[in-house]
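**Q** What follows is the residue order along each chain.
Number of protein chains: 2
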Amino acid sequence: MSNASYAKPGYTLATYRLYDDKADFRKKAEGIAVGLTVGSWTDLPEVTRQKMEKHLGLVVDVRPHEPEGAAPGERYADITIAYPELNFSRDLPALLVTVFGKLSMDGRIKLLDLQPSAEFLQAFSGPRFGIAGVRETLGVDKRPLLMSIFKSVIGYDLDGLREQFLQQALGGVDLIKDDEILFENPLTPLERRVEVCVDAAREAEKTTGQKLIYFTNLTGPTSKLRENARRAIDAGANGFLFNVLSYGYDAMAELAADSGINVPIAAHPALAGAFYPSPYHGIAAPLLLGKLTRIAGADLSLFPSPYGSVVMPKEENLAVQAALIDPSLPLRAPFPVPSAGIHPGLVPLILRDFGHDVVVNAGGGVHGHPLGAAAGGRAFRQAIDAVLAGRDLAEAAKEHEELRIAVERWGVRNA
Amino acid sequence: MSNASYAKPGYTLATYRLYDDKADFRKKAEGIAVGLTVGSWTDLPEVTRQKMEKHLGLVVDVRPHEPEGAAPGERYADITIAYPELNFSRDLPALLVTVFGKLSMDGRIKLLDLQPSAEFLQAFSGPRFGIAGVRETLGVDKRPLLMSIFKSVIGYDLDGLREQFLQQALGGVDLIKDDEILFENPLTPLERRVEVCVDAAREAEKTTGQKLIYFTNLTGPTSKLRENARRAIDAGANGFLFNVLSYGYDAMAELAADSGINVPIAAHPALAGAFYPSPYHGIAAPLLLGKLTRIAGADLSLFPSPYGSVVMPKEENLAVQAALIDPSLPLRAPFPVPSAGIHPGLVPLILRDFGHDVVVNAGGGVHGHPLGAAAGGRAFRQAIDAVLAGRDLAEAAKEHEELRIAVERWGVRNA
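Going line by line, the protein sequences match chains G and H.
Heads up: the first sequence begins at 59 in our numbering, then just goes up one per residue.
Heads up: the second sequence begins at 59 in our numbering, then just goes up one per residue.
Hints in this document: simulated from the structure, not taken from any laboratory.
Among these hints, one or two may not hold up.
No copy labels: a pair is met if it fits in one copy or bridges any two.
As the list claims (entries may be wrong) - With a cut-off of at most 20 Å between alpha-carbon atoms, the simulated EDC-like pairs for lysine to aspartate or glutamate come out as follows:
no., residue 1, residue 2
1, Lys109, Asp215
2, Lys282, Asp316
3, Lys209, Glu88
4, Lys80, Asp119
5, Lys80, Asp164
6, Lys66, Glu111
7, Lys282, Asp292
Based on the sequences and whatever the hints tell you, model everything.
**A** This is how it looks when you write it as structure tokens:
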């Protein structure tokens, strides 16, 4: 799925897993390659064929999986089709409708991967910041970043939100994100929310000496997203959270390409569970939350961690990360943000699995600290520093009260 | 799923099917109701509870399905949660992210239905035309409508497209739609395509005496959709096809609400197979292609018929139709368009299953007629007239050459 040589010039490769107990998989693949491009081929006159050949899809690979004595439902093939990019415009709705529009409804078939050509990808600016740009904004060179999430947002007024923000910021987190279910509302309207949170960030900076990005949830009617983003930026916003799957990838790609929206975007995976978990249907997580999210310009991509309550298998998690940072893709790499169920005792595991270009993202693991959210943030920072120094977490906990209490509460899962 | 009394004032009801071999379903439901709204409840002080109560989600119903000796994977419950509409803005991204954002990733859970309140729905204009409006535009009172699809579009120039259009129009079809994979391209650019097809429609009208709507595929960057729509309308467009799931429902809702885009919209189900077929994940077809498509303003909704190669079970098909025409929803009703694998011999079955407020939609069943596309259209019209007159199709075929040949080719499946 990675290290594709981007790719066959003028063609996008699409790889599917197709389950069928009886099908001739090669014939099926040929049917797709013709059916989703020129419509028919064998019955075309030679002169028409010559005209149509450049529009014709090609079967690149068919790998059947047909174990001896396969039980019903076990037989499948991974097939790869090359689609001429001449056939669709340079945008993600056109690409997705072409390769998985009608086909998504044609039996048990899951879209595993897409490899657009380098030329196709030139139409996308991709992440404006990516890992390096976010690090530069924060002035943090190599350390894994720490993000925290508000505990509760709905029903809170500006004072309540500010106080939550301040406590998180005082703990030394690098990034704070809105809850994805915080929409425009009378208690904490967009611009006022940005103002009070940015003000709290400034206040905390006096103590922590640290910069901070606040990812404000960018919401509203599709046609007002840019305008809302600019209003928020005028009010001081320095980052946006975006529920990309509820608006479509193209809406995010347009935000990311807009030079007036010069702040990082964190893509939230809300609704992703409608796409990726079935082995038989949908779009695989490494494509959905990895490659497509990157092409569409996210600077951070959140996805369910393999550690918590809302889980994705570790192998799939690492494939999402691989797609986000794959060096063969000619676009900046977004930060992977494995989320849900994270506490300081998991930091050794997270850094072992994801390396240092990762965002450690916690909600309950910050707010649930017995000494409060600021202590919760400090416990995470202490854990990160300990792991970076090659120290045992339980040992380091002896020297740091916040970490010690966190470890007492949640335990340690060493790498 | 239908006949909801729209609904609990101030609340949207969401119904899920949740598979779990061990869970206490009521406890799980309570966790969702709290977790996706106020975040926590039992540990809140009384004074905070009073403030938060109006934001708290409520468990409305829990219906466990726990048959004696259930095999692993068989145990489930249908649960209904009421979400205060105070918590989210009046748009579909906010609604979907609230009720199925994070939750979609939380194990085996499928979103079955949503019942927003009448007040919430007031924010949506819904279909501008609906069944009645499309009928009025065409001047066709009661008869089921006939739609045809281009045979091949990719690689065709304007002359080739016009000729295909003309042949279809001469057959007496009411509606012709672009292929959903026809995007902006140098051979048949939007405005030129509209001009030649509308011109062909006028030419055919001289023979058929019939009005016709041409659903041009509306594509391009999200922020240019309205502009492209207006350009097409200025060039004579009188309908749009829209790949709604690739742009998000909100993009369509904004088009439908735009008084400058005063033509019907046909929603194409491209990508829908990524959402509805799994019993364990995603969004049920009657909600996805029925109710949400209607709320988002489609005048026609296409979905895979139960008759053809790309199939959806008939029960699910009829549930999609029921959601589209449910009289308790305070919005116009879109035409159901069961698509794929349709030939004239299926008309008795389609009209039995869907009644007369249906669009009979055919591609191969028109173009594959041995006497050509115009004869294919006539065969369909003859079949529709015969069924409306209560006649046996095989009998009627004796009097109509086109129908006779179609029946010879594809057979008859009587109701």
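**Q** Could you figure out if lysine 80 and aspartate 164 sit no more than 20 Å apart (CA to CA) within one copy, between two copies, both or neither?
**A** within (15 Å within a copy, 33 Å between copies)
**Q** When no copy is specified for lysine 282 and aspartate 316, does a C-alpha distance of 20 Å or less occur within a copy, between copies, both, or neither?
**A** both (14 Å within a copy, 14 Å between copies)
**Q** Can you tell me if lysine 282 and aspartate 292 fall within 20 Å by alpha carbon in one copy, between copies, both or neither?
**A** within (15 Å within a copy, 25 Å between copies)
**Q** Give the relationship of lysine 80 and aspartate 119 under a CA distance limit of 20 Å: within one copy only, between copies only, both, or neither.
**A** within (19 Å within a copy, 42 Å between copies)
**Q** 20 Å Cα cut-off: does lysine 66 pair with glutamate 111 within a copy, between copies, both or neither?
**A** within (16 Å within a copy, 58 Å between copies)
**Q** Checking an output row: lysine 209 and glutamate 88, CA cutoff 20 Å. Within, between, both or neither?
**A** between (52 Å within a copy, 18 Å between copies)
**Q** Pop the pair lysine 109 and aspartate 215 into one bin, within, between, both or neither, using alpha-carbon distances up to 20 Å.
**A** between (64 Å within a copy, 11 Å between copies)
The structure fails none of the hints (numbered hints given earlier).
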